[in-house]
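Visitor: Sequence:
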Amino acid sequence: MQHRHDMLDTILYWIVGMGNKDTRQIIEPDAVFHGDKIQEYSEGKSSITDLADFSQPAIPLQQLTITNLPDNHDDRLHTSESFLKLMSMASLRDLRLHVEARRDLHHPVRAPDGSSPFSPGKYKFFNNLYVSWLAPDIAKTLQTLTLHCKDFWGWFPKMDLRRIELPQLKVLSLGRYVFSHQWQIDWFASTGKQNGSGGLEELYLHDCPILYEATHIGPFDTFDPGYPLLKSVLGIVGERETHKYPIRWHVIFSQWARSLNKLKVFHMGRSTYQNSLQDTFTKTHQDVQDKPLRQRIWYDLLEELASPCPSGPVAHSRLEHASNLEGQMTSVKFNQNRDFQMKYIKYNIERERYNAYWPWVHPGEPYECWAPEEGTVMRDDAAYEMLMDAVDSRAM
Numbered sequence: 001m002q003h004r005h006d007m008l009d010t011i012l013y014w015i016v017g018m019g020n021k022d023t024r025q026i027i028e029p030d031a032v033f034h035g036d037k038i039q040e041y042s043e044g045k046s047s048i049t050d051l052a053d054f055s056q057p058a059i060p061l062q063q064l065t066i067t068n069l070p071d072n073h074d075d076r077l078h079t080s081e082s083f084l085k086l087m088s089m090a091s092l093r094d095l096r097l098h099v100e101a102r103r104d105l106h107h108p109v110r111a112p113d114g115s116s117p118f119s120p121g122k123y124k125f126f127n128n129l130y131v132s133w134l135a136p137d138i139a140k141t142l143q144t145l146t147l148h149c150k151d152f153w154g155w156f157p158k159m160d161l162r163r164i165e166l167p168q169l170k171v172l173s174l175g176r177y178v179f180s181h182q183w184q185i186d187w188f189a190s191t192g193k194q195n196g197s198g199g200l201e202e203l204y205l206h207d208c209p210i211l212y213e214a215t216h217i218g219p220f221d222t223f224d225p226g227y228p229l230l231k232s233v234l235g236i237v238g239e240r241e242t243h244k245y246p247i248r249w250h251v252i253f254s255q256w257a258r259s260l261n262k263l264k265v266f267h268m269g270r271s272t273y274q275n276s277l278q279d280t281f282t283k284t285h286q287d288v289q290d291k292p293l294r295q296r297i298w299y300d301l302l303e304e305l306a307s308p309c310p311s312g313p314v315a316h317s318r319l320e321h322a323s324n325l326e327g328q329m330t331s332v333k334f335n336q337n338r339d340f341q342m343k344y345i346k347y348n349i350e351r352e353r354y355n356a357y358w359p360w361v362h363p364g365e366p367y368e369c370w371a372p373e374e375g376t377v378m379r380d381d382a383a384y385e386m387l388m389d390a391v392d393s394r395a396m
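Those letters in the sequence shown? Residues 1 to 396, per full-length UniProt numbering, in order.
Some hints here could point you the wrong way.
[What the hints assert, rightly or not] Result set (BS3-like, lysine-lysine): computed pairs, CA atoms no more than 27 Å apart in a straight line:
| # | residue 1 | residue 2 |
| --- | --- | --- |
| 1 | K264 | K193 |
| 2 | K244 | K346 |
| 3 | K346 | K124 |
| 4 | K231 | K124 |
| 5 | K158 | K231 |
| 6 | K158 | K193 |
[As the list claims (entries may be wrong)] Label pairs and their computed distance ranges (CB to CB):
| # | residue 1 | residue 2 | range |
| --- | --- | --- | --- |
| 7 | R76 | R258 | 38 to 48 Å |
| 8 | K140 | R76 | 22 to 32 Å |
| 9 | K193 | L61 | 22 to 32 Å |
| 10 | E239 | G121 | 19 to 29 Å |
Calculated from the structure, these hints are not laboratory results. Keep in mind that this is a model prediction, so the values were computed, not measured. Yeah, the Cβ is synthetic: ideal placement off N, Cα and C, and Gly gets one too.
Assemble the whole structure, with the sequences as input and the hints as a guide.
Guide: Take a look at the structure:
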């Protein structure tokens, strides 16, 4: 984990024009990686400044995309001179973070696949975004923001967007963000008020479900109801509690149709990149060699990251309007079939841990339009149509 932060810090040194001040030692080419740690050889080490003169002005960065960002808060990185300079860079208007979830390999209770719900670092990461990657200095000038994570986030690990003000934001893209509370609906309407148009112009929801029921280790938070207490979860000593959540998609869409009155583009669904990665990895070695495999994955990833919403034909005819970032879009498709929209999810810490999605539960059959109550699917569809009518009228 630390070597990723070190490499990122080195890159930031270059971006902000501090390359000639970097006196850290270089990792030897034959250093051995053991998990997240590096076994280094002491002979022949040289500092970065021994190799060349890296004197250069700061790069006037306008867009920053980071992939495989560890879901762990590193105080050394976020308090370093290079990081603080980057976060105060006046030219930076577009930030895209793609977070890589990790497992807690030392905890006795852990998921065999995906990130363990008992990894302390992941909670600190999301809880500190408002003072790290989305600190006020950068948040106040951002016009485009992408926050994607391999695991579901927003409810647990909790991400309190109320701490973050984005007055200039025009484009927002969220991946696997979980809706559960009314304040989240209100927060979207509060962003972008000083961006020139008076509110969000584009919104992309990638595989973002609504949480309708959760069973977790109690007691839950009494000051912010509906959220588990971190100390209870990490201690694994409390009784299980089950909570219900009343938010439904027709509630969200009905409110957004009124409050997001500057929205010109709204896409929700699932990027086909998620499926293409799995298809790539399951190919036999006869089909693709290791090096071409890595190259294919890399270029596929670049295609997806080129814009907040990957391009390609959309299944829903009402979503034919292109983003104003269309010129950046590429061949990766964004599946907007109804099967991938308006999803509901359940959280159950007692569920079988050998399932890859543990502790998240996807109810209903695959590719099925499902909701917790009878009649909700119909109401969701009707509210979606009303929202799209409003969005389409502004996009013309």
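Visitor: With reference to the structure, classify each hint as holding or not holding.
Guide: To see whether the hints hold, each was checked on the structure:
Pair hint K264 plus K193 holds up; C-alpha atoms about 15 Å apart against a cutoff of 27 Å. With a CA separation close to 10 Å, the supplied pair K244 and K346 stays within the 27 Å bound. A C-alpha spacing of about 23 Å is found between K346 and K124, which places the hinted pair at or below 27 Å, so the restraint holds. Between the alpha carbons of K231 and K124 the distance comes to roughly 12 Å, so the proposed pair stays at or under 27 Å and holds.
Proposed proximity of K158 and K231 is supported: the alpha carbons are some 13 Å apart, at most 27 Å. For the hint linking K158 to K193, the alpha-carbon distance of about 25 Å falls within 27 Å, and the restraint holds. Range check, R76 to R258: Cβ separation about 45 Å, and the 38 to 48 Å hint holds. K140 and R76 have their C-beta atoms about 25 Å apart, which keeps the hinted 22 to 32 Å range intact.
Look at K193 against L61: about 25 Å separates their beta carbons, and that is inside 22 to 32 Å. A beta carbon spacing of about 26 Å between E239 and G121 agrees with the range 19 to 29 Å that was offered as a hint.
The structure fails none of the hints (numbered hints given earlier).
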